[in-house]
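Produce the complete structure using the sequences and hints provided.
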Amino acid sequence: MLNNIKTLNLRLSGFKTIALLLIALNVISLACIYSSLHQGGVFVGSDTLLRQMIWIALSWLCLLLFSFINYRVYYNLSYIIYSFNILLLLGVSLFGKTVMGAQRWISIFGFTFQPSELSKIAIIIILAKFFSSKKESGFIKDFLLPLGLVGLNALIIFTQPDLGTALVLIFLFVSIGLFSKVNKFYFIGFVILGIVLTPFALGALKDYQRQRLTVFINPDVDPLGAGYTIIQSKIAIGSGQVLGKGFLAGTQNQFNFLPERHTDFIFTILTEEWGFLGAIFLLMLYWLILMKIIQKIGDSSDDFVYFFTLGISVLFFFHIFINIGMTLGILPVVGLPLIFLSYGGTNMLINYILLGIFLNICRNNH
Amino acid sequence: MKNLFSSSQKSFFQTSANILKVIYLSGFFILIVTLGYYQIFKGDYYSKRAEKNYVRLMPIRAVRGSIFDRNGKTLAYDRAIFNISVIPYQIKDSKDALFSQISKYLDYDLALLNKNYKRNLQNYFSPVDIIRDIDKTIALNLKEKFGDLLLINPQPQRYYPYPYQLAHVLGYVKDASSFYEKLKKYGYSPLERVGFLGIEQYYDTYLKGEDGGDLVEVDAKGRAVGFLGKRIPKKGKDIYLTIDKDFQIAAKDAIGKKRGCIILMNAKTGEMLALYSSPSFDPNLLTAGKNTSKFLSSKHSPLLNRTIQSRYPIGSIFKPFLSLVSLEEGKSTPYTPFNCEGQLELGISRFRCLKHHGQENLFQAIAHSCNVYFYNLGLRSGPTLIHKWSEKFGLASLTKIDLPYERKGFVPSIAWKKNHLKQNWYAGDTLNLSIGQGYLGLTPLEVIRAFNLFANKGDLVTPHILKQISNLPSGLQKSINSGVNKENVLIIKKALRQVVISDTGTGRTLNSLGLGIAGKTGTAQTSGKSHGWFLGFFPDKEPQYTICVFLENGGSSYNALKVTGSFLSILKEEDLL
Numbered sequence: 484m485l486n487n488i489k490t491l492n493l494r495l496s497g498f499k500t501i502a503l504l505l506i507a508l509n510v511i512s513l514a515c516i517y518s519s520l521h522q523g524g525v526f527v528g529s530d531t532l533l534r535q536m537i538w539i540a541l542s543w544l545c546l547l548l549f550s551f552i553n554y555r556v557y558y559n560l561s562y563i564i565y566s567f568n569i570l571l572l573l574g575v576s577l578f579g580k581t582v583m584g585a586q587r588w589i590s591i592f593g594f595t596f597q598p599s600e601l602s603k604i605a606i607i608i609i610l611a612k613f614f615s616s617k618k619e620s621g622f623i624k625d626f627l628l629p630l631g632l633v634g635l636n637a638l639i640i641f642t643q644p645d646l647g648t649a650l651v652l653i654f655l656f657v658s659i660g661l662f663s664k665v666n667k668f669y670f671i672g673f674v675i676l677g678i679v680l681t682p683f684a685l686g687a688l689k690d691y692q693r694q695r696l697t698v699f700i701n702p703d704v705d706p707l708g709a710g711y712t713i714i715q716s717k718i719a720i721g722s723g724q725v726l727g728k729g730f731l732a733g734t735q736n737q738f739n740f741l742p743e744r745h746t747d748f749i750f751t752i753l754t755e756e757w758g759f760l761g762a763i764f765l766l767m768l769y770w771l772i773l774m775k776i777i778q779k780i781g782d783s784s785d786d787f788v789y790f791f792t793l794g795i796s797v798l799f800f801f802h803i804f805i806n807i808g809m810t811l812g813i814l815p816v817v818g819l820p821l822i823f824l825s826y827g828g829t830n831m832l833i834n835y836i837l838l839g840i841f842l843n844i845c846r847n848n849h
Numbered sequence: 133m134k135n136l137f138s139s140s141q142k143s144f145f146q147t148s149a150n151i152l153k154v155i156y157l158s159g160f161f162i163l164i165v166t167l168g169y170y171q172i173f174k175g176d177y178y179s180k181r182a183e184k185n186y187v188r189l190m191p192i193r194a195v196r197g198s199i200f201d202r203n204g205k206t207l208a209y210d211r212a213i214f215n216i217s218v219i220p221y222q223i224k225d226s227k228d229a230l231f232s233q234i235s236k237y238l239d240y241d242l243a244l245l246n247k248n249y250k251r252n253l254q255n256y257f258s259p260v261d262i263i264r265d266i267d268k269t270i271a272l273n274l275k276e277k278f279g280d281l282l283l284i285n286p287q288p289q290r291y292y293p294y295p296y297q298l299a300h301v302l303g304y305v306k307d308a309s310s311f312y313e314k315l316k317k318y319g320y321s322p323l324e325r326v327g328f329l330g331i332e333q334y335y336d337t338y339l340k341g342e343d344g345g346d347l348v349e350v351d352a353k354g355r356a357v358g359f360l361g362k363r364i365p366k367k368g369k370d371i372y373l374t375i376d377k378d379f380q381i382a383a384k385d386a387i388g389k390k391r392g393c394i395i396l397m398n399a400k401t402g403e404m405l406a407l408y409s410s411p412s413f414d415p416n417l418l419t420a421g422k423n424t425s426k427f428l429s430s431k432h433s434p435l436l437n438r439t440i441q442s443r444y445p446i447g448s449i450f451k452p453f454l455s456l457v458s459l460e461e462g463k464s465t466p467y468t469p470f471n472c473e474g475q476l477e478l479g480i481s482r483f484r485c486l487k488h489h490g491q492e493n494l495f496q497a498i499a500h501s502c503n504v505y506f507y508n509l510g511l512r513s514g515p516t517l518i519h520k521w522s523e524k525f526g527l528a529s530l531t532k533i534d535l536p537y538e539r540k541g542f543v544p545s546i547a548w549k550k551n552h553l554k555q556n557w558y559a560g561d562t563l564n565l566s567i568g569q570g571y572l573g574l575t576p577l578e579v580i581r582a583f584n585l586f587a588n589k590g591d592l593v594t595p596h597i598l599k600q601i602s603n604l605p606s607g608l609q610k611s612i613n614s615g616v617n618k619e620n621v622l623i624i625k626k627a628l629r630q631v632v633i634s635d636t637g638t639g640r641t642l643n644s645l646g647l648g649i650a651g652k653t654g655t656a657q658t659s660g661k662s663h664g665w666f667l668g669f670f671p672d673k674e675p676q677y678t679i680c681v682f683l684e685n686g687g688s689s690y691n692a693l694k695v696t697g698s699f700l701s702i703l704k705e706e707d708l709l
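As given, the protein sequences belong to chains A and B, one line each in that order. Just so we're aligned, residue 484 is where the first sequence starts under this note's numbering, counting upward by one. Just so we're aligned, residue 133 is where the second sequence starts under this note's numbering, counting upward by one.
These aren't lab readings, by the way, just hints derived from the structure by calculation. A few of these clues could be false.
[Said to hold, decoys possible] Chain A residues, not near chain B, derived (Cβ > 12 Å throughout): (1) Leu533; (2) Ile564; (3) Leu570; (4) Leu630; (5) Gly631; (6) Leu650; (7) Ile653; (8) Asn666; (9) Leu676; (10) Ala719; (11) Ile720; (12) Gly723; (13) Arg846.
[To be verified] Cut-off 25 Å, straight-line C-alpha distance, at most; resulting in silico cross-link-like pairs (SDA-like, lysine to any residue): (14) A:Lys775 <-> B:Phe160; (15) B:Lys142 <-> A:Asn559; (16) B:Lys153 <-> A:Val679; (17) A:Lys717 <-> B:Lys174; (18) B:Lys227 <-> A:Met774; (19) A:Lys664 <-> A:Phe641; (20) B:Lys180 <-> A:Leu544; (21) B:Lys247 <-> B:Lys205; (22) B:Lys174 <-> A:Ile763; (23) B:Lys362 <-> A:Ile714; (24) A:Lys664 <-> B:Gln141; (25) A:Lys775 <-> B:Val165; (26) B:Lys153 <-> A:Asn559; (27) B:Lys277 <-> B:Tyr237; (28) B:Lys174 <-> A:Leu760; (29) A:Lys499 <-> B:Gln146; (30) B:Lys153 <-> A:Ile763; (31) B:Lys180 <-> A:Leu760; (32) B:Lys180 <-> A:Ile763; (33) B:Lys174 <-> A:Leu573; (34) A:Lys499 <-> B:Leu157; (35) A:Lys775 <-> A:Leu544; (36) B:Lys180 <-> A:Gly808; (37) B:Lys153 <-> A:Lys717; (38) B:Lys153 <-> A:Phe673; (39) B:Lys250 <-> A:Ile678; (40) A:Lys664 <-> B:Asn150.
Ideal Cβ positions, reconstructed from N, Cα and C, are used throughout, including at glycine.
This is the structure:
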């Protein structure tokens with residue numbers, strides 16, 4: 484009995500910080516999406532906002548649900564989860580819905596679900612399992628086998644085509660590998676090989692790639708190309724200055740200069756309206772979440788926990804850095820959403836589930 | 133998964149955590165420095181750029197497909213007009229001053245300018261039309277005076293050279309914006325034009341084409357500084373109709389100011405040659421968005437297409453149909469005589485006839501339109517059989533003509549009366565139905581289609597207006613067998629010819645036309661003035677044309693005969709038949 488109360492307290496203390504941070508992000512997300520749905524000062528669509536609210540509610544439910552499922556389940560089920568995920572992805576190719584030229588959605592009750600997002604969880608789980616259960620056993624078992632599993636998954640996603648998510652999976656593999664006890668030169672060699680081969684790969688895929696990216700950015704104004712979007716985004720961010728133009732007062736947003744503005748470019752809206760201070764505040768929220776996870780990495784009770792929490796932190800950081808870097812024009816435009824903020828349900832759901840699992844780990848490892 | 137928990141393991145985890153912390157911190161540092169560079173260091177520069185930033189979408193409307201009649205005469209086409217537009221964002225501070233200046237300069241109503249602006253506003257950076265269809269030289273003068281604040285916006289505008297003659301057939305064209313909420317789900321954009329009523333609506337997807345546009349970057353003064361892209365509009369498809377515009381003109385002239393309609397149909401194919409509903413309206417006014425309250429509030433409802441949208445009792449026109457029912461069911465033969473004493477007594481009620489006809493057979497009864505004869509046929513057949521056969525004749529069902537908003541007519545039945553009026557069916561109801569009165573209500577198009585059975589050997593045609601789209605012919609509409617006995621049809625056809633050629637026939641005035649007309653007159657009583665009907669076909673040997681003339685509250689069938697006579701004599705004089 485006493486024990487129960489004690490665990491409940493621990494549960495709450497682990498939960499409280501994350502919950503407060505998430506609520507703050509929810510508010511920012513809804514405010515930015517609400518603002519993005521304005522044109523010339525007129526609100527032009529409630530549907531999107533309502534959907535985001537439903538997704539947020541659903542995400543919270545999942546967070547709570549997964550925080551009660553013992554994380555060791557994933558260790559045992561890792562291969563089943565991985566296979567299920569691959570089957571689901573193949574299902575998309577057969578029954579998926581084509582949105583913006585990319586076939587990677589499954590539609591359920593009018594809500595589209597993007598199975599490639601699920602791969603992120605599946606890959607973190609399988610890599611955590613892999614690196615935690617292996618002693619040093621050579622190049623093939625330590626490196627090629629996990630690479631094969633990740634590579635297969637990434638390849639399917641890449642053909643759908645979703646370059647961004649495919650890259651995320653490869654990135655997860657390399658970073659988790661580098662922080663394992665497997666020979667680091669395998670991974671460093673792999674990255675160097677990738678960099679050397681990139682120009683060839685780009686050379687082969689360039690037109691296709693560019694076309695795909697432009698379609699992503701805004702199907703209506705494809706003559707504008709990717710560069711134009713970045714210019715507009717930079718103008719929006721820069722003109723926000725230190726204090727921002729104020730809520731609903733971002734001219735770049737209001738006069739329709741920002742494509743994809745409630746999805747991939749939501750950071751642009753935030754910074755145009757809330758300025759440098761707003762951006763710093765957001766980064767601080769992200770930093771606190773990351774620190775919470777990093778703290779757990781250091782305190783890990785076993786290898787699985789270590790690799791799992793490592794995977795989550797890498798995934799979150801990668802999304803934050805790539806997305807914001809993209810809106811600032813210092814990184815190329817790949818269709819990656821800004822976690823916890825962008826409109827788009829599946830990504831949000833997946834991140835909440837990961838946090839749910841993380842909370843369970845915290846609870847069971849004190 | 134049971135790892136031995138050792139301190140070396142622990143320190144390994146901690147080292148990783150510290151390395152990650154440094155990496156993440158550097159990542160955030162890079163982002164913050166970049167943000168600082170743009171927002172603080174170059175903040176002023178970007179603020180100025182934001183102020184000057186305009187992208188202007190100049191929509192280029194697609195030219196809509198033209199509509200031609202069966203002989204290739206143009207019935208509807210797009211001509212170029214010049215509109216004066218403004219960009220809202222560009223004039224946001226000077227709008228009132230600008231509008232009052234324009235209003236003074238052109239002597240144009242200021243309230244109207246504001247009203248147009250409000251109505252046409254889509255978003256803050258696309259041109260908004262404030263004056264439509266302005267003379268080109270005036271437009272150029274305006275542009276010279278107000279410069280970059282105004283745009284001359286050339287637009288295609290629908291034009292109908294025979295507006296009143298073809299209004300109901302063609303319909304008109306309007307901006308989708310006012311109905312955008314409804315149209316959105318069909319893939320329309322608010323800047324598009326969309327067909328309303330008639331062929332313009334029914335074949336809108338073929339006619340409309342695809343709008344295009346220029347994407348232009350402009351500076352604060354509205355000067356184009358960069359061209360970002362273009363989508364070339366695609367012209368819509370041309371449509372050819374079965375209608376003959378000369379027939380429409382003749383129909384309008386023949387019916388004059390009376391209310392009603394004239395339909396002329398190819399008896400074999402169901403091609404509509406004339407389909408005119410009176411009173412009519414001017415689609416050019418509706419298309420131009422001009423004041424249309426005249427149409428909308430008129431008590432004569434000119435927008436109503438009387439050929440397909442309104443149900444009327446058909447009076448004696450029902451008699452040949454009832455004859456066919458009776459023959460088919462063997463309730464009478466053509467020579468079964470009934471005695472007419474000017475009325476039929478049923479209980480305490482008296483059901484009247486036009487006069488004391490004496491003993492008559494089917495041919496005489498149809499020629500003279502004797503009510504008593506058909507009261508007897510009606511009583512013998514009964515409402516259930518009449519209802520059943522009416523459906524076979526295609527009455528009380530949609531003709532499926534290619535026009536929107538067709539209504540279907542109504543033939544009463546015992547069950548209907550019981551369920552809806554909670555009353556029993558009386559013999560009196562049967563008598564009323566027998567002479568096309570009472571609860572019966574049919575659209576003129578339904579009636580002409582059913583009546584055409586007598587001209588087309590008992591086969592039903594599908595009335596249609598489309599001849600071809602571009603160079604693709606519409607599928608030939610085949611006749612459907614209605615299931616009636618061909619011999620019975622021919623008997624009634626013969627009787628219908630008697631209506632015109634007999635000295636005492638009700639349609640004898642048409643005999644002088646010499647077209648070989650067979651037909652039936654009808655006077656349907658209403659609470660007000662009677663409706664006048666004439667249904668016929670010609671030449672009677674091998675019928676080519678079937679005609680329906682209907683006059684709403686037009687007095688007796690005599691007036692319908694007069695209109696029929698003048699319509700057909702125009703066609704004959706102009707050698708159009």
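Okay, the hints, checked on the actual structure:
At roughly 17 Å from the closest C-beta of chain B, the C-beta of leucine 533 of chain A stays outside 12 Å, upholding its exclusion from the interface. For isoleucine 564 of chain A, the requirement that its beta carbon stay farther than 12 Å from each beta carbon of chain B is met, with the minimum near 16 Å. With 12 Å as the threshold on Cβ separation, the claim that leucine 570 of chain A sits away from chain B holds: the shortest Cβ distance comes to roughly 26 Å. For leucine 630 of chain A, the shortest C-beta to C-beta distance to chain B comes to about 21 Å, beyond the 12 Å cut-off, and the non-interface label holds.
Taking the minimum C-beta to C-beta distance to chain B, about 22 Å, the non-interface status of glycine 631 of chain A holds against the 12 Å cut. Listed as outside the interface, leucine 650 of chain A is consistent with that label: its C-beta sits roughly 16 Å from the nearest C-beta of chain B, beyond the 12 Å cut-off. Every CB of chain B lies more than 12 Å from the CB of isoleucine 653 of chain A, the least distance being 18 Å, so the non-interface label holds. Consistency note on asparagine 666 of chain A: stated as away from chain B, and its beta-carbon is indeed over 12 Å from all of that chain's, at 15 Å minimum.
Non-interface call for leucine 676 of chain A relative to chain B: holds, since the shortest CB-CB distance, roughly 22 Å, exceeds 12 Å. Its beta-carbon lying about 7 Å from the closest one in chain B, alanine 719 of chain A breaks the requirement of being farther than 12 Å from that chain. For isoleucine 720 of chain A, the shortest C-beta to C-beta distance to chain B comes to about 5 Å, within the 12 Å cut-off, and the non-interface label is violated. Distance check on glycine 723 of chain A: its Cβ comes as close as 6 Å (rounded) to a Cβ of chain B, failing to clear the 12 Å threshold; non-interface status is violated.
With a least CB separation of 18 Å from chain B, arginine 846 of chain A remains clear of the 12 Å interface cut-off, as annotated. For the hint pairing lysine 775 of chain A with phenylalanine 160 of chain B, the CA-to-CA distance comes to about 16 Å; that is within 25 Å, so the pair holds. Of the pairs offered as hints, the one joining lysine 142 of chain B and asparagine 559 of chain A holds, with about 24 Å between alpha carbons and a cut-off of 25 Å not exceeded. This hinted pair does not check out: lysine 153 of chain B and valine 679 of chain A have alpha carbons roughly 29 Å apart, beyond 25 Å.
Distance check on the hinted pair: lysine 717 of chain A and lysine 174 of chain B sit about 10 Å apart at the alpha-carbon level, within 25 Å; holds. With a C-alpha separation of about 54 Å, the suggested pair lysine 227 of chain B and methionine 774 of chain A falls outside the 25 Å cut-off, and the hint is violated. With a C-alpha separation of about 29 Å, the suggested pair lysine 664 of chain A and phenylalanine 641 of chain A falls outside the 25 Å cut-off, and the hint is violated. With a C-alpha separation of about 45 Å, the suggested pairing of lysine 180 of chain B with leucine 544 of chain A is violated against the 25 Å cut-off.
The suggested pairing of lysine 247 of chain B with lysine 205 of chain B is violated, with an alpha-carbon distance near 37 Å, which exceeds 25 Å. A hinted pair counts as satisfied when its Cα atoms are at most 25 Å apart, and lysine 174 of chain B with isoleucine 763 of chain A qualifies at roughly 17 Å. Straight-line distance between C-alpha atoms of lysine 362 of chain B and isoleucine 714 of chain A comes to about 20 Å, which keeps the hinted pair within the 25 Å bound. Only pairs whose Cα atoms come within 25 Å are accepted, and lysine 664 of chain A paired with glutamine 141 of chain B is accepted, the gap being roughly 11 Å.
About 24 Å separates the Cα atoms of lysine 775 of chain A and valine 165 of chain B, which keeps this hinted pair within 25 Å; it holds. Among the hinted pairs, lysine 153 of chain B with asparagine 559 of chain A is inconsistent with the structure: their alpha-carbon atoms are about 30 Å apart, more than 25 Å. A hinted pair counts as satisfied when its Cα atoms are at most 25 Å apart, and lysine 277 of chain B with tyrosine 237 of chain B qualifies at roughly 10 Å. Taking the CA atoms of lysine 174 of chain B and leucine 760 of chain A, the gap is near 16 Å; set against the 25 Å cutoff, the hint holds.
As the CA atoms of lysine 499 of chain A and glutamine 146 of chain B are separated by approximately 24 Å, the hinted pair is consistent with the 25 Å bound. A distance of roughly 18 Å separates the Cα atoms of lysine 153 of chain B and isoleucine 763 of chain A; the hinted pair therefore holds under the 25 Å criterion. Note on lysine 180 of chain B and leucine 760 of chain A: the hinted pairing holds, with a Cα-Cα distance of about 20 Å set against a maximum of 25 Å. The straight-line distance between the Cα atoms of lysine 180 of chain B and isoleucine 763 of chain A is roughly 23 Å, inside the 25 Å bound, and the hint therefore holds.
Between the alpha carbons of lysine 174 of chain B and leucine 573 of chain A the distance comes to roughly 48 Å, so the proposed pair goes past 25 Å and is violated. At roughly 24 Å between alpha-carbon atoms, lysine 499 of chain A and leucine 157 of chain B fall within 25 Å of each other, so this suggested pair holds. At most 25 Å may separate the alpha-carbon atoms for a hinted pair to count; lysine 775 of chain A and leucine 544 of chain A meet this at roughly 21 Å. Between the alpha carbons of lysine 180 of chain B and glycine 808 of chain A the distance comes to roughly 23 Å, so the proposed pair stays at or under 25 Å and holds.
For the hint linking lysine 153 of chain B to lysine 717 of chain A, the alpha-carbon distance of about 28 Å lies beyond 25 Å, and the restraint is violated. At roughly 24 Å between alpha-carbon atoms, lysine 153 of chain B and phenylalanine 673 of chain A fall within 25 Å of each other, so this suggested pair holds. Proposed proximity of lysine 250 of chain B and isoleucine 678 of chain A is contradicted: the alpha carbons are some 56 Å apart, above 25 Å. Taking the CA atoms of lysine 664 of chain A and asparagine 150 of chain B, the gap is about 16 Å. The hint holds against a cut of 25 Å.
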